[in-house]
Each structure stands twice: as C-alpha cells, then as structure tokens.
Amino acid sequence: MTTDERHSSRVAFDVNGGRRELTLDNRTTLLDALRERLGLIGAKKGCDHGQCGSCTVLLDGRRVKSCLVFAVTLDGRSVVSVEGLGGPDELSPLQAAFVAHDAFQCGYCTPGQLCSARGMLDEVTRGWPSAVTDDLTAPAELTDAEIRERMAGNLCRCAAYPHIVAAIQETAATR
Amino acid sequence: MRPFRYHRPADVAEAVAVLADEPQAAYLAGGTNLVDLMKLGVQRPDLLVDVNRLPLDAVEELPGGGLRIGATVRNSDLAAHPAVRRDYPVLARALLAAASGQLRNLATTGGNLLQRTRCVYFQDTGKACNKREPGSGCAARHGQNRDLAVLDWSDLCVATHPSDLAVALAALDAVVEVHEPAGPRDVPLAALHRSPGEHPERETTLARGALITAVRLPHLPAARRSAYLKVRDRASFAFAVGSVAAVLDLDGDVVRDVRLAYGAVAHRPWRAYRAEEELRGRAFSPQLAARAADAELAEARPLRHNGFKVPLTRAITVRALTELAERTPAP
Chain E
1 MTTDERHSSR
11 VAFDVNGGRR
21 ELTLDNRTTL
31 LDALRERLGL
41 IGAKKGCDHG
51 QCGSCTVLLD
61 GRRVKSCLVF
71 AVTLDGRSVV
81 SVEGLGGPDE
91 LSPLQAAFVA
101 HDAFQCGYCT
111 PGQLCSARGM
121 LDEVTRGWPS
131 AVTDDLTAPA
141 ELTDAEIRER
151 MAGNLCRCAA
161 YPHIVAAIQE
171 TAATR
Chain Y
1 MRPFRYHRPA
11 DVAEAVAVLA
21 DEPQAAYLAG
31 GTNLVDLMKL
41 GVQRPDLLVD
51 VNRLPLDAVE
61 ELPGGGLRIG
71 ATVRNSDLAA
81 HPAVRRDYPV
91 LARALLAAAS
101 GQLRNLATTG
111 GNLLQRTRCV
121 YFQDTGKACN
131 KREPGSGCAA
141 RHGQNRDLAV
151 LDWSDLCVAT
161 HPSDLAVALA
171 ALDAVVEVHE
181 PAGPRDVPLA
191 ALHRSPGEHP
201 ERETTLARGA
211 LITAVRLPHL
221 PAARRSAYLK
231 VRDRASFAFA
241 VGSVAAVLDL
251 DGDVVRDVRL
261 AYGAVAHRPW
271 RAYRAEEELR
281 GRAFSPQLAA
291 RAADAELAEA
301 RPLRHNGFKV
311 PLTRAITVRA
321 LTELAERTPA
331 P
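Heads up: the protein sequence lines correspond to chains E and Y, in order. Under the working numbering, residues 1 to 175 are what the first sequence spells out, in order. Under the working numbering, residues 1 to 331 are what the second sequence spells out, in order.
None of these hints come from the bench; they were simulated from the model. Values in this document were obtained by computation on a predicted structure and should not be read as measured data. There are no misleading hints in this set.
Away from chain E, derived, C-beta distances all over 12 Å, residues of chain Y:
#1 Pro55
#2 Glu60
#3 His142
#4 Gly197
#5 Asp253
#6 Arg274
#7 Glu299
Subject to a maximum C-alpha distance of 35 Å in a straight line, what follows is the list of computed DSBU-like cross-link-like pairs (lysine-lysine):
#8 E:Lys45 - Y:Lys39
#9 Y:Lys127 - Y:Lys39
#10 E:Lys45 - Y:Lys127
Glycine included, each C-beta is placed from N, C-alpha and C at the ideal position.
Chain Y with its partners taken away, still in its complex shape:
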C-alpha cells in the first residue's frame, strides 16, 4: 500500500478546502470499500481526510414529514431507526439485505453511495480497465461478464453499481446534500451517478472534492407499503445479481402511484420510469407488472454471460409488485 498522510478536519468547510488543494487526497468514512481498494492497489491516495468525526451522524424527522439522514449515519443505525422501519421499509430492507453485521456497523450513508463497482476486472490491477486506468481497455466486455450490466453500458465499460441502498433511495426520490468547493447544493439521487459513456472513470456528477453531508427523503406516505427484493448467489452476505425497490399506491385496484428502481443492471441505480408509466392509472395485475417490466427492459443489451438478468429482473418486478398489491388493504 502506498504511504499516506492522515488528517482529521475540524469542519465540513475545512474538509472540502483540503481536498480542493490535494489532487490525490480521498475522504475516509466507514472505509469498508476504500481500505480494501487501497490494499488491492486500485486506489492510491496520498492523503486521507477522515470525516468520521464531523457532526454528520444524526437522523432528523423533518417538519411536514420526510427524513434528513446525516452522511456518516452507519448503515446499521439507519436500518434500525424507528422512522425508517415504519415509514420507509424499502430502505430498511435494502440496508439489511446488504453486506454483513460487522460491515453495516462501519459503512456510512454517504460512503455507500460512492462505493466502487465490484467488477472483478476493476479490482485486479493486472487487468485492463478503463474505469481504473482510462484508455487501458475493458477486459470485462468479452471476459467473465455474468455479474455485469445489461442496460446503458458503453463499449468502454460494462460495470454495475453495487449499492442496494442507492436503489432504494432512487425509488424514494431522495435528494443528496453535497458541499462542493463552490458551495453547497442539492443533487437528486437519480442525477448523482453517471452512465459510463466515454468516461467510465467519472462515476458521479459531483465536482472534485465534493463531500456528501446528508440525504433527504421526501414525505411519501405511500412508501409505508414498499419492498426491496434482492436475488443473490447465496442466502446472505453477497452482492445482488438482481434487485428491485418498489413503492406501490393503489386506489381500489388502480395504480395511483408507483416507484420502481433496479439494482445490478447498470452503471447506476436504475429508476424504471418507463415501467412506472405503464403501470400508473391502470388496474393492477401481475400481467400488467410483467408488461411494465418488459417496457423498461426493451432496451437491454445482455452480454455473453448475463442474459438471465433480463428475465430475472422481470420476474422480481412482478413478484415485488404483486406482493405489495396483495398487502394493500382495500380503501
């Protein structure tokens, strides 16, 4: 591992200012991904700016509904928070389906959103990877690509975003509060991550040195009936091979509102707007859910080993929505 300097900033402004002056510095939060990538030689910061002791660890219930989640709130604390369990079960379920107890005790809200792909070619410095080293090529595109993208990939990169939390937040229309060198701003979760395109090394729309300080959830009563369905290769402690976050609001049997997002299919959490359009205003049935998923997945371009992700994502869409519909009491 490359030697690095260590700094504990006094406040957010100082943290952002230090990063702005240090091109090879990185923020350290929970470290569950960054420390590992430093051991692997994938990330080689020469300065770590430790944000763990900044006062960003509160969950506040907002007047008028909604929640403000500090960036260093640990995944385990967020999953256990009474308001999350009561009002946003999709969020609690996504958190609990991820990683292990020990990792959730370290991993933070902000860090989870900025974690790196688990594409094995990205994690192996002996392999070509345009994300790790722009211009070096992509060993995954024609390699073992079972776990990689089916939607929105480019010739330069077929990586997926690994977060479960981000998928739930995409469905909930969360807003990310960031501090950039130019000042604070709000970024909708759906606009936080980029498609790989010509620049897979640029993963977010944030300015260099930006620090996530909080995530806001809007007041969304419908989210009390929400679900996160994750399929993985073993029962626990594994990344998704497919996942869906779903919020369903029925008026009788008519879909009044619906939010859907997919994980493990693209370079970013995939909000399924097209599927939502198919569902909204129509009488719910499993067949309608299947048609909606088909509409969303029509543009899928599976790679050699991951064609199964398309029917899998379709199947979990139908299952998640049908289970929610059955749970929704008649008005």
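Excised from the complex, chain E in its bound form:
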C-alpha cells in the first residue's frame, strides 16, 4: 500500500436519497465532500470550527455540523443537505416560510438555518427539552424563546433573527 492509500478510504453513503461512492483522503470532512466532490454547494463553510452553523446538514435525520464530521466515518449512513429539503420549484413549507418572512439578507447562513430548523422541529416533536424549558418532564411549548435557544448554534451576521424565528414559528404552527 502506498502512503496515500493508507490515508484514504472508500466510502459509500446516501446523499439526498441517492447512493454515492467516493474514495476520499481520510482528512476530508463531510462539508468538503459535499461541496468539493459532490458539487452540493448549499452547505456553507463559515468558520470551519463548529461555531457558526452554516454547514449544518441532517445525518440520519439529526442536525449536525458537517465541518466536524470526517466523511470516512459515514459508510452506510444517510445525509440530507439543503438541496434535499426542496428545490426552487418545490420549496418545502419551511423554505417557503423563510421566503415569505424575508428570513435572510445575504443568504450565506440560510442553508444551515434551514437544515437546523428542520432538525430542531423534529426534536420538539420528539419532546426534547431545551435549556429554557421550565419543566423538564412536560412537553415543551415552542415559544419564541424556545426557538431562539434551540437555534443558538446558527449565527446570522445580517441579524435576520426576528424573521427567522417568525418563519420557524409559522412552519411549526402549520405542521
């Protein structure tokens, strides 16, 4: 085995419903695999250190920061990026609500906000509490304060937060 072969791996995983097979340098993050190898440039590289949330995708249905996941670990697993939520001609209700509420300005953080909100709403459906939930043993009510706390892992430098909260609130109400 050459040095390069020792440091690379063959990986097969699902991306937005289709199986993808890649040979990757083990150092490749999921974010770089999506953007540089699969041409899916929705997920953004903001900080590349897990702090800004613009790279958020769903991994087996749960929101994660794709900049902190080595793609080599994902064999057999399933990834949904913003492209998998819905396209320009078939927006998901969440995406449509972001448009209706003007929930972005420059748009750089938006794919991460959308994937994070998608995962967050599922967490609420599962009854997960948050740091601002008063009663840990009761189902959480999705107040604006709950949305803000649960979306704390996604920064928006344009500060479109009030509109993001409104868009998520509307989506939750109509689910």
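We have chain E already, so just place chain Y on it with the hints.
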C-alpha cells in the same frame, strides 16, 4: 492537517489493543473537539480508531436504582432520556446548558469527559503551552487569563476543564467504567481528572490507551431536587465563566445531605467537599450557603484578570442552594 489512517474496531478489546500498539493513535467518538484540534494542529494523531459503532450507546436503568450510560450515548439523547429528566435534573440541565443542538447530537458521554481545555493559548500552536508541549512554558499565566483557573493551578498551567457534564457527574458521585490494556476497572468521576502540578500534559488518571465504556450513576433519590446553574458571557452556546451543580436534601430546614461541584474554576471538575461539610447537619439559610462557599473558596488564588470568579462562584452557590431549598417541600 497531518494525514492519518482510519480504523473501525470490531469490539472494545480490539480498540484498546490497537491503541496500545500505536503510540500516536487516538480514539474518535463525536469528534466535536478532536476534529477541531486536528484542524488547529494541536492534536496530530496518525491513526484514528473510530469507536462510534461499538455497542456502547445504551442507557440502562439499573436494578435497585441508578443508571448506566454507555460511553457513546450522545449528549442530546442523554439530556432527553426520561429517567435523566425525572431522577437527575442536574445532569439534564448541565447537558442542555452546553454547546448547541448540532453539537449535542454528535458529542458523546465519554468524549465530553475527555475534551481538552479551551485555554486560547493551548489552542494556538504559536504560543507557549506546557500542556500542548511540555517544557515550552505557559503564555496564559501572565497573559489574558480571565477565563482560567482560580483554584489548584500550578506555575506550569492555569487551564480549566471546560465540561459542564463532568461537573454534574462529580456532584452525583458518578463512576466511570474504563477498559485499559491491563483490563477493565471503575474510576470514580472525582478521581478521573488530575491537578496540573508538574505535568499538565497528563490530564487524567487513565492508562495510555484506556477507553471509557460507560458512566454509572448511583441511586440517589435526593437528586430529584437538583440544579445546574451556569453563568456565561452570552445567553446560549458559550462555555461557563462559572457554574455550580447542586443536590440538596433537607429534613425540615436541616441539611440532611448536599452535593456541590464547581465548573470553570480549576483543571478538573471541582467537588466542593469543604462547602458540603459546612452545610451538612445545619439549618439551611442563604447566609450558611455563603459561609460554605467562602470555606471552599478560601484557598482560591485568582490570576490577574479572573478575580471576579471567586465572588461569582460564591453568588451562584447561594442562588442554586436557596432556590433548591425553596423548592423542597416540608416533610
């Protein structure tokens, strides 16, 4: 980033054996800290042993009470577990006060305990750091040390342990199950992390290649009335500048039992035994809580920029205990 080999072990024994043979290998669990440190060049493993698919992801309720939490149980799943929310609220609160939703979905129980300090000098390979590079010096001691230790630091290192989870587990008298090359053993959480002393590069009492496999919580009915109070620079998604985990058991107004632990003040989660001694057997009052905190913090040696941590830790001790006392119904 340094190129690395990747291995997925079949079981715990194989994982431990591989690490024993590979001096520069590291375990990969959630990766939320390790991947970042690899990008920064702070950690440079040449082999990652991925423990994510080992069967260590169950939370079991133990006969006779208590919980056994597998090492790869994600922080989000643990915080949402019904038994944790009902019986150990201090643990759920500590988890929910940490990181962000996306990070909690990745971060594991074992990895959280072994995460590295967020001392900015440790994370910057251009700066002297005895923890990262023994003998290179400590740029933090006389640098920007607002976020660093006030208790138990040494001339070689003033770093703090960043975990919230570990503080709650210290208060709960958790036991860590580890597999070492010599075999399995139990380590009390309070004995897992080391003081910096002469060797700040040695952060735990575990043997090289040890793998945490589970954390056990004892049956502790008093923990149903417990709290985690965390102070940070913004409302969410930030490390603590001070935190306290508290369990309070009152008989009338007399303190029958109490467990206290502090975060963000030392190189390890700080179990406040001295404060507990002051409280136990006495009639509870906020003044008593303040005296107890003072007893614990008497040996604090603040650095140039972090003197505020002493009154802050005292204040959150009083607040956490007073709120718990008010919540405790009369017998």
